[in-house]
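Residues in the sequence shown are numbered consecutively from 2, following my numbering.
Hints are supplied without guarantee of correctness; some may be wrong.
[What the hints assert, rightly or not] Ranges of calculated distance between the beta carbons of each label pair, as one might list FRET restraints:
1. Arg54 - Thr74: 38 to 46 angstroms
2. Asp61 - Asn135: 16 to 24 angstroms
3. Met104 - Ala125: 33 to 41 angstroms
[What the hints assert, rightly or not] Heads up, simulated DSS-like pairs for lysine-lysine below, C-alpha to C-alpha not over 25 angstroms straight-line:
4. Lys119 - Lys134
5. Lys40 - Lys20
6. Lys119 - Lys40
7. Lys28 - Lys86
8. Lys134 - Lys40
Note that these hints are calculated values from the structure, not bench results.
For glycine and all other residues, C-beta sits at the position ideal for the given N, C-alpha and C.
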Amino acid sequence: MDFSVIIPARYASTRLNAKLLQDIHGKPLIQHTYENAIKSGASSVIIATDDTRIETIANDFGATTCMTGDHHTSGTSRIAEVLDKMSINDDEIIVNVQGDEPMLGASVIEQVANNLAKSEMKMATLCENVIDKN
Numbered sequence: 002m003d004f005s006v007i008i009p010a011r012y013a014s015t016r017l018n019a020k021l022l023q024d025i026h027g028k029p030l031i032q033h034t035y036e037n038a039i040k041s042g043a044s045s046v047i048i049a050t051d052d053t054r055i056e057t058i059a060n061d062f063g064a065t066t067c068m069t070g071d072h073h074t075s076g077t078s079r080i081a082e083v084l085d086k087m088s089i090n091d092d093e094i095i096v097n098v099q100g101d102e103p104m105l106g107a108s109v110i111e112q113v114a115n116n117l118a119k120s121e122m123k124m125a126t127l128c129e130n131v132i133d134k135n
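Start from the sequences and build out the full structure, keeping to the hints where you can.
The structure is reproduced here in structure tokens:
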């Protein structure tokens, strides 16, 4: 099964300046997210950004990037622009992995893609039950 991962990556974070470029164990946060997406077995992983600083860093570690407009209010909107710009087929399975999720495991990304491939659903959101242990 083929699927692609698109990582929306906005520079202008409101709570932590340049969050995606912050160093975590010698690599920018966005690189950790990208590397987990690569490990998922995706046929392609694209970082979608509106900022040349993120584009430059991503290209430096070997990522495919797509420059998008700065008008987007959500990662989903940014992904829609990438689908159009890169002429990605409507039947392609796309997994949206937010740029600031470096701990999202490759197996979870693959699970989302597998779940979409096995169903008639057009979209799915990853979630987990929260259990209050108190």
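Taking the hints in turn, this is what the structure says about them:
no. : hint                                : verdict
1   : Arg54 - Thr74: 38 to 46 angstroms   : violated, 21 angstroms
2   : Asp61 - Asn135: 16 to 24 angstroms  : violated, 46 angstroms
3   : Met104 - Ala125: 33 to 41 angstroms : violated, 20 angstroms
4   : Lys119 - Lys134                     : violated, 34 angstroms
5   : Lys40 - Lys20                       : holds, 23 angstroms
6   : Lys119 - Lys40                      : holds, 21 angstroms
7   : Lys28 - Lys86                       : violated, 29 angstroms
8   : Lys134 - Lys40                      : violated, 33 angstroms
Checked against the numbered hints given earlier, this structure breaks hints 1, 2, 3, 4, 7, 8; the rest are met.
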